[in-house]
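Undergrad: One letter stands for each residue in the lines below.
There are 2 protein chains.
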Amino acid sequence: MNSYKNTSVIESAQNPLIKKAASLRDKKYRQQHGLFAAEGQRTIGAAIESGLYEIDCLLFDESASRETGALKKSAMAKKIKCVTVASKVMQKLSQQDNAQNIIGLIRHKYADAGKILSSAKTCVIALESPRDPGNLGTIIRTADAMAIDGIILIGDSCDPFAPECVRATMDSIFHIPLARSTVADFIKQNKLPTIGTALQGANDFREVSYKPPFALVMGSEQKGLSGELAKSCDHLAKLPIPGKAESLNLSVATGVMLYAALAPWRK
Amino acid sequence: MNSYKNTSVIESAQNPLIKKAASLRDKKYRQQHGLFAAEGQRTIGAAIESGLYEIDCLLFDESASRETGALKKSAMAKKIKCVTVASKVMQKLSQQDNAQNIIGLIRHKYADAGKILSSAKTCVIALESPRDPGNLGTIIRTADAMAIDGIILIGDSCDPFAPECVRATMDSIFHIPLARSTVADFIKQNKLPTIGTALQGANDFREVSYKPPFALVMGSEQKGLSGELAKSCDHLAKLPIPGKAESLNLSVATGVMLYAALAPWRK
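Taken in sequence, the protein lines are chains A and P.
Residue numbers 47 to 313, in the numbering used here, belong to the letters of the first sequence in order.
Residue numbers 47 to 313, in the numbering used here, belong to the letters of the second sequence in order.
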């Protein structure tokens, strides 16, 4: 039995490919298979078009429409494996309220941090130990909105390929290169003017110069920037908090910094 | 049997008060009881201190510490009902990863939209039909960080008392007055200079004047501002999106606008 065969419809949730796809909700299996899942016609269209990631396999609902037919054609032209799945199986696989008619299994891939830094034209965001995948996804979306060069995850980051993160990016994960680095490697490789965001010992964010290209370094919500990373920054900028909240949400803080920094350069 | 009695420990998850507390995860029962739940020592401390909401009842874990003892004392001084609950019951009730040692049942209450608008000193945020409770919570947190006058939920809003929203506010729900309004009432009551955020037909957000007090009106992520509300604004401001993302997350867009507008006035 060849479950990958194109012409037949997978009817069973016990099919090995379906079991593999379902297992990707779990970080352990995402790492074991080196894959993550993304859903929906627009999302998969973005994944095919961008070429940032290799698509291992596409699962199409058997009741696919004309639009998904066009997508299937372009996928097959790129030699991407396409499999047809019974609607009842697809509904079980989908993690969205309205079951999507395409699910893609996509290969994990990180870009090279050194390359992103050395070829940067506008801005590179470095995030130290981001913990919340929803926040990380929202940051990837904002980074894409501002068309920056890439995001570097420093230290112990949450999984950018977790479903909550991929969903929160609203397809932007397929537009913005992601890399990983240690604190030491980042400091060694980064030659860009660097602005860190800190609550203490920093200038107001409107008083810091941001001529691109530059690196914007954000610490974790709980702890802020580590001492080593903060020390490596050329400037430290502070977002004022006159009210009672103790801190800002990380994705909001990053968005405020990015728009303050780049909007004057991006008419 | 009086389940509200102070001296005894509630041992059963079938106790009517515990069943009521557990039911508040569900919007239907939140509305039926007119209550929502909030967890944790710091959060309940903020709820008692702020006085924005009436606290119906506090549930304390039987293994409470010295700090929770002080909180219980200040609650009882304010005639708030305090109940002791067995740890195993508390663990079932808690919606957080680490079960909290205090859960408060808090009475729904909206502030008066007209009063917020007429007494505003800095900024009132009006949100038209926000859909995601996590985003709404994050906006409440940012509003609190900037110490603005209040938030008005216009039209068909998600529930600000949903657990995802309350959690995302990080206690700020107890610092910022929330009101509800229809589009027509908001337009009638609002005499503040008003800036709406729109993608079309608008000036760049840096070119709009924001002298406080003013109202900042944000549309939904999916549809933007409704025509009627957009027409009522004195200015329409646009956040540029030079990249591929189709839009910004609502809480990020609101944060960027609020910092751009208020930071110059809030040293």
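Check the hints yourself; a few may be wrong.
Beyond 10 Å from chain P on every Cβ pair, some chain A residues (computed) [unchecked claim]:
1) D102
2) D190
3) N295
A short, non-exhaustive set of chain P residues, derived as facing chain A with CB atoms under 7 Å [as the list claims (entries may be wrong)]:
4) N61
5) L63
6) G289
7) V298
It is worth saying that the hints were derived from the structure and are not from the lab.
In this text, all values refer to a predicted model and were calculated from it rather than measured experimentally.
For each residue, glycine too, the CB sits at the ideal point set by N, CA and C.
Undergrad: Against chain A, with CB atoms and a cut of 7 Å, does the hint on L63/P hold up?
TA: Violated, because the Cβ-Cβ distance from L63/P to chain A comes to roughly 31 Å (cut-off 7 Å).
Undergrad: Can we trust that D190/A is non-interface, i.e. its beta-carbon lies farther than 10 Å from all of chain P?
TA: Non-interface label on D190/A violated, nearest chain P Cβ at 4 Å vs cutoff 10 Å.
Undergrad: Using the nearest Cβ pair, does V298/P come within less than 7 Å of chain A?
TA: holds (4 Å)
Undergrad: Does N61/P meet its interface restraint, that is, does its C-beta lie within less than 7 Å of any C-beta in chain A?
TA: violated (34 Å)
Undergrad: With 10 Å as the threshold, tell me whether D102/A passes as away from chain P on beta-carbon distances.
TA: holds (23 Å)
Undergrad: Quick check on G289/P please, does its C-beta sit within 7 Å of some C-beta on chain A?
TA: Since the shortest Cβ distance to chain A is 3 Å, the answer is holds.
Undergrad: Are all C-beta atoms of chain P more than 10 Å from that of N295/A?
TA: Incorrect as stated: the minimum Cβ-Cβ distance to chain P is 5 Å, not above 10 Å.
In summary, the numbered hints that this structure violates are 2, 3, 4, 5.
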